[in-house]
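Protein chains in written order, with this note's numbering: chain A, 1 to 202; chain B, 203 to 400; chain C, 401 to 615.
Since the hints were derived computationally from the structure, they do not count as laboratory data.
Careful, some of the hints might be misleading.
Claimed, not checked - Simulated crosslink set (EDC-like; lysine to aspartate or glutamate; CA at most 20 Å straight-line):
1. A/Lys63 x C/Asp444
2. A/Lys38 x B/Asp233
3. B/Lys344 x B/Asp380
As the list claims (entries may be wrong) - Quick list of the computed label-pair ranges, beta carbon to beta carbon:
4. A/Asn101 x B/Ser286: 16 to 22 Å
5. C/Lys428 x A/Thr44: 39 to 45 Å
6. A/Lys61 x C/Gly539: 32 to 38 Å
7. A/Asn130 x C/Gln538: 37 to 43 Å
8. A/Arg92 x B/Pro310: 56 to 62 Å
9. A/Lys169 x C/Val489: 29 to 35 Å
10. A/Gly76 x B/Glu287: 36 to 42 Å
Said to hold, decoys possible - Facing chain A, according to a computed beta carbon distance under 10 Å, are these residues of chain B, among others:
11. Arg285
12. Glu301
13. Leu306
14. Leu308
Ideal placement from N, C-alpha and C gives every residue a C-beta, glycine not left out.
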Amino acid sequence: MHSVIRWLVVASFAASATFAGGVATAADCKIETDETDKFTKVRTVITRRNSLESFWGDSSKDKQKDIYVAAWYKDGNKALQIGLWFTNYVERMPPDYELRNTLVIPKESRLLVMMADGSIVTLHSVNPINANSRATRTSSRVSVDTGATIYYPLDDDLITALTSQGATKLRVEAAEKHYDFEVHEKSLTDIGDAIQCLQATL
Amino acid sequence: MKKPALLAIAMLAISSTADAAKCKFAKDETDPFTEVKTLQTKWDQLTSTWMADSREIDGWISVVAVDDYVALWLKLDYTVKPRSEPSDASLKDVINIPEGAPLLILMPDDTIIELPAVREVRADAYKLAPWDHPMDVNTWTKRAAANIKYALPPEAREALKAQDATDLRITAANRNFDIEIHKKSRTDFQNAFACMQL
Amino acid sequence: MKRLIALSIAFTVLAADADAGTASCKYKQNEADDFTGERLVKVDWVDMTGWASSTFNRTIGGRKDIEVAAESAGGHSLLKFRLKVSDAVQNPPREQDLYSALYVPTGSSLEITMADESIIELMVDEAVRGKSRAKYDQGSYVITSKFTVRYSLDAELAERLVNEDVVYLRLAAQSHKYDFVTDKGSIEFNINKKAQQALTKVVGCLNQALSEEVS
């Protein structure tokens with residue numbers, strides 16, 4: 001009986017230390033994809049994506065935006081997968097030419113992540129984005145949606161920096177402008193958690 | 203002792219007769235001028251007919267022999283159901299198979315048979331509005347289809363006869379089209395070769 | 401006595417209004433950039449067209465509405481105008497007509513005629529294409545084009561705009577076939593009192609913000 005109790009005490013201590021340290025086991029985290037291509041045998045792992053902004057964020061009735069983060073692995077490469085989504089509501093259907101190349105993010109564009117201590121972690125994108133918008137008529141107006149998924153490779157130094165503390169703001173640099181996002185207080189550790197989840201799964 | 207052996211032989215004879223009866227040919231003709239014989243098996247669906255409408259990719263195969271030259275025809279059907287109307291630009295070259303692009307056939311022992319596309323194939327998609335499609339009143343339909351011809355040399359045929367293929371990957375210019383072969387269709391290649399007596 | 405009180409209240413309000421120029425500055429942004437630390441100021445839009453102009457100018461087409469704002473980032477200041485111009489035509493426009501309805505190319509200028517008849521010139525920050533739409537209205541097609549154009553503003557010109565009166569604006573622009581751009585390639589505005597106040601206010605507010613320390 002005593003040895004059982006001792007075992008239980010030790011086990012619960014270990015568990016609490018684990019939780020205190022954040023996600024540490026593959027069983028704790030949420031994985032969206034963990035597949036091995038039947039033909040190439042290449043394994044792809046993607047954590048479940050999380051929205052970093054609050055539900056309301058910077059939205060108005062005419063404009064909404066959101067940023068999603070997931071950690072991604074394929075064939076030995078790790079990256080932060082950032083999803084951007086913008087919706088504008090307008091009265092009338094825009095002509096086709098206004099929907100072309102509305103989101104342009106060249107390769108090597110920066111992602112600036114402001115950490116809790118005010119330091120900035122800089123990543124560089126690996127895939128160029130030239131996204132068009134899509135306009136859809138709703139019952140009373142037209143919704144113009146633009147989205148893209150950008151990959152920012154991770155190395156050991158970036159992983160250490162991004163998992164050591166929470167992130168408060170993000171800036172996605174694009175061709176002619178940048179997009180700033182405030183990280184919701186409940187999402188401060190989402191980036192670090194996603195990376196740790198990926199590490200635990202691999 | 204003899205009776206079971208005789209029964210087995212009889213069963214074999216009956217089954218091979220039955221197989222021959224199952225063989226249906228899409229084409230079986232000899233050109234009256236050149237005397238070139240063309241034999242083509244009927245199209246066999248590789249994917250299940252169940253829930254076919256909700257599947258992105260469907261495939262059928264047919265083996266054709268023109269004299270000694272044997273090729274595999276693959277019919278590819280691509281269907282997606284977007285919520286909003288697909289742009290005209292997105293309909294262009296939905297299926298784009300360059301000449302030489304390989305068809306990869308995965309076997310149970312993880313070996314891969316590669317068959318090159320004999321010629322380039324390009325197909326645009328067409329779109330159907332929800333109100334034009336009685337079965338899909340909530341979504342648009344974007345559909346494209348193409349027939350792709352792959353060379354089927356003797357060594358590839360032998361490899362396909364030796365095991366049941368499990369998966370296909372159709373390599374295209376901008377993407378791959380993957381087909382998981384339905385369990386009941388995994389002997390389709392062997393059946394086609396048997397019908398053609400290859 | 402009551403009349404005296406009313407008058408003195410009116411004068412107080414007027415006097416307060418005259419001083420209120422920069423006291424009532426509205427900023428969309430007035431802070432240091434989180435990431436770069438550079439000073440960011442965006443003075444909110446102020447209408448230059450005015451109630452009178454909008455109310456009386458009710459004919460279909462031929463309208464010009466203009467708002468002004470100012471901004472600065474990392475020491476580079478800009479004077480911005482947000483315009484809505486329209487024209488009425490008989491025939492429905494093709495897509496290329498809308499595409500080329502309004503364009504301000506790189507190298508375009510804004511010429512501001514001052515009260516002393518001198519002209520100051522500001523250069524456009526980047527090319528702009530108007531967002532143009534057509535609407536059928538009472539027998540004709542009203543083509544409306546909206547755009548925001550930014551001009552580089554240095555400190556010296558900013559001082560003049562705050563301290564001197566402006567009488568005329570000429571924005572260089574192009575339109576393939578619509579009359580909201582003149583044959584000389586410009587969109588022009590007489591500057592009335594309200595427009596003058598708007599211009600003075602935004603530049604004044606920009607200057608005020610830039611002269612202040614931000615914690």
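Kindly confirm whether 39 to 45 Å is satisfied by the beta carbon distance between C/Lys428 and A/Thr44. Holds, at about 43 Å.
Are A/Asn101 and B/Ser286 spaced within 16 to 22 Å by their CB atoms? At 19 Å between Cβs, range holds.
Decide if the proposed pair is consistent with the structure: A/Lys63 and C/Asp444, CA atoms, cutoff 20 Å inclusive. Cα-Cα ~18 Å, so holds.
Could you check the hint for me, namely that A/Lys61 and C/Gly539 are 32 to 38 Å apart, CB to CB? Given about 34 Å between the Cβ atoms, the range holds.
State, for the Cβ atoms of A/Gly76 and B/Glu287, whether the hinted interval 36 to 42 Å holds or is violated. 40 Å, holds
Does the closest beta carbon of chain A sit nearer than 10 Å to the beta carbon of B/Leu306? Holds, about 5 Å.
Between A/Lys38 and B/Asp233, does the CA-CA distance stay at or below 20 Å? 43 Å, violated
Between the beta carbons of A/Asn130 and C/Gln538, is the distance compatible with 37 to 43 Å? Once the Cβ atoms are compared, 42 Å apart, the range 37 to 43 Å for C/Gln538 and A/Asn130 holds.
Have a go at the B/Glu301 hint: is there a Cβ in chain A nearer than 10 Å to its own Cβ? At 21 Å from the nearest chain A Cβ, B/Glu301 fails the 10 Å test, so the hint is violated.
How does the Cβ-Cβ distance of A/Arg92 and B/Pro310 compare with 56 to 62 Å: does it lie in that range? 58 Å, holds
Would you check whether B/Leu308 satisfies its interface hint, that is, whether its CB is within less than 10 Å of any CB in chain A? Status holds, d = 5 Å.
Return the status of the interface hint for B/Arg285: holds when the least beta-carbon distance to chain A is below 10 Å, violated otherwise. 8 Å, holds
Violated hints for the displayed structure, listed by number in ascending order: 2, 9, 12.
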